[in-house]
Amino acid sequence: MKERELIEYVARMLVENPDKVSVKETHGASVTVLELHVDREDMGRVIGKDGRVANALRTLLRVAVQDRRVVLEIV
Amino acid sequence: MTVEKSGEFRGKTVEAAISAGLLALKVSREEVDVEIIRQGSRGVLGIGAEDAVVRVFTLRATPVEPQPAAKAEPKLDPEPTVRAAAPKAEPRSASQPRPAPKQNDVKAPLAAPTPANGDAKDSAAAQKGRELLLGLLEQMGLRANVEIIQQSDAEANADDRALVLNIVGEDLGVLIGRQNETLAALEFITRLMTNQQTHSRTGFVVDVNGYRAKRAESLRRLALRMAEQVAQNGRTIAMEPMPPAERRIVHLALQDHPTVATQSVGEGDRRKVTILPKKG
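So the sequence lines, in the order shown, correspond to chains A and B. Those letters in the first sequence? Residues 8 to 82, by our numbering. Those letters in the second sequence? Residues 194 to 473, by our numbering.
Bound conformation, chain B alone (with noise of 0.2 Å):
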């Protein structure tokens, strides 16, 4: 596709970021394709809302040459035929009935992606996990749908990417929840489902709106950012504690490179990445 316009606007809500981006640019919606760069929180009594931020482009509908590694926009997949469709946000008015759930029947379960390391089994049970998942969403009254796409390059080494059951929809902030709190029980959850009904091990990984994917395409710059600093002035320095996952993207984030290294210390909630200068 080409892009012609684009820009990223903001609104209280979703919704509203989109109606504002389609103003800016002078456009309908069937014209776009938007982005949610960020979902935005009501906060508590206002304080510590955030808004919403979308990024809206209008498109014509030619292939293109994936865009060489060197662009603003972070590029989460190499691959354009894994991620398939980028999350479409249908703004909806919240007075109108709602449409048939046309959401969930959209996208046949994708084949497995990964020609390297495509498991059938790893994708046989993703499968799975889309079914029950989709099902469990229903049961929470939320509207999405759920694709199968593969873990980005700041998440994980190419020969070692897991698969992402990526919930796509609208208004879906509540299923990430206070610290991710939300989307690690709905993981933890559709994991041991999955596993119980295929009496297997399995080890997906399940993101909302590609936020697990953003999450760490930040923390994989902020990362790189702290070692340019520790490789200038030669001292070690400790980033703030984190679970395992983001600990894990920081060490994968910083393992080539050439002056630094990376070491986790500290026990339980309060272990944390420190970079330090590599000897010698």
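Just chain A, same shape as in the assembly (with noise of 0.2 Å):
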């Protein structure tokens, strides 16, 4: 799926250990799930200072998908 290769591309690009970076998606009903995993010491990597770089993944998604909802959690 395109929008999990987005998230894992910048995902990788972001972070110290790359190869800990691994996107879980999940279809709904309406909805898709993309689970972003990275390693601890890179979990404010990818979430930033009030959250600014998740969000920002999240506006780059949104546009990536146009019209289907695509939610995007890191855990």
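Note that these hints are calculated values from the structure, not bench results. A portion of the hints provided could be inaccurate.
What the hints assert, rightly or not - Computed cross-link-like contacts, DSS-like style, restricted to lysine-lysine with a CA-CA straight-line distance of at most 25 Å:
hint	chain 1	residue 1	chain 2	residue 2
1	A	9	A	27
2	A	9	A	31
3	B	321	A	9
4	B	205	B	407
5	B	205	A	27
6	A	56	A	31
Claimed, not checked - Some chain B residues well away from chain A (every beta-carbon gap over 12 Å; in silico):
hint	residue
7	329
8	335
9	374
10	394
11	396
12	418
13	434
14	439
15	454
16	469
To be verified - Non-contacting residues of chain A with respect to chain B, defined by C-beta distances greater than 12 Å in every case (computed):
hint	residue
17	22
18	29
19	32
20	34
21	35
22	42
23	50
24	53
25	76
26	80
Note that the coordinates shown come from a computational prediction; the quantities given were computed from them, not determined experimentally. We put the beta carbon where it would ideally sit given N, CA and C, even for glycine.
Using the hints, put the two chains back together into the complex; each one sits in its own frame.
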């Protein structure tokens, strides 16, 4: 799925441990949930101050998926 | 190049506007260059829809002196070698299979264009940023190229110009978003990725089809007009609230003005520039 690859691409470029990046995709009836997993040490890098990085990722995701609803969770 | 015929044309989409221009000028697509003035948007339920506007000009490939500043057309960059190519739009009918992604490899990364402050480090960071941004755009399913240019006169002082990663392509309005939201996110993420990959702090700008440059130019003009009013009737005017980067453009535009000064007032989202008469 391309939105999963998008998140994986960006996350890998943002972290110290790209090998620990994975994205799990769950399809619901009307929503797709993307769960981003990163090394504990890299959490701050993908969330950012006040969630700025996470929100920017969500903004880019919205452009990429157009009309479907996609939720990005960082766990 | 010698411009022979030119004109501004409107249409529902950029393609439609170009087609209208080709028809009006009675020329084929190969004979013209196209500058996208406004991407246009569909609006919500037809409300707030905006036509796309393009300037189409026929040209002959003869080099010409850079035009003097007093030209109607906003000349964004005084250095013609820097702004290498005007965004070229290639109209494509939607039904056709998309051609091979030749746009992506058209332009070899440009060499550092700045003699004045052309920091090798900035240039290397911009190259890396371009690479990462191209990758990001591809992941987003967008076809576009990225050129490295310098900030325009309206955006920065001559000795203080940042490099701009300008995304060029068609139908990229989605990359700007409501109130720049998407462009800001794109710039933020691209800078972060570049900082992480180069282990340095970098400050390039990301733009889409010269949107920021055009916005800066119209803001600059607005500021000059308002300054004129203040100079005439001696009364302070407040502009609409604007984000920091845009306030900076206004301050910059009026920094050498003989009779007015600028000052930002207000907090947070409400912060705005006031233009006031200079004392004495």
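Exercise for the section: List in ascending order the numbers of the hints, as given earlier, that are violated by the structure. Expected result: Violated hints: 5, 7, 8, 9, 17, 24; rest satisfied.
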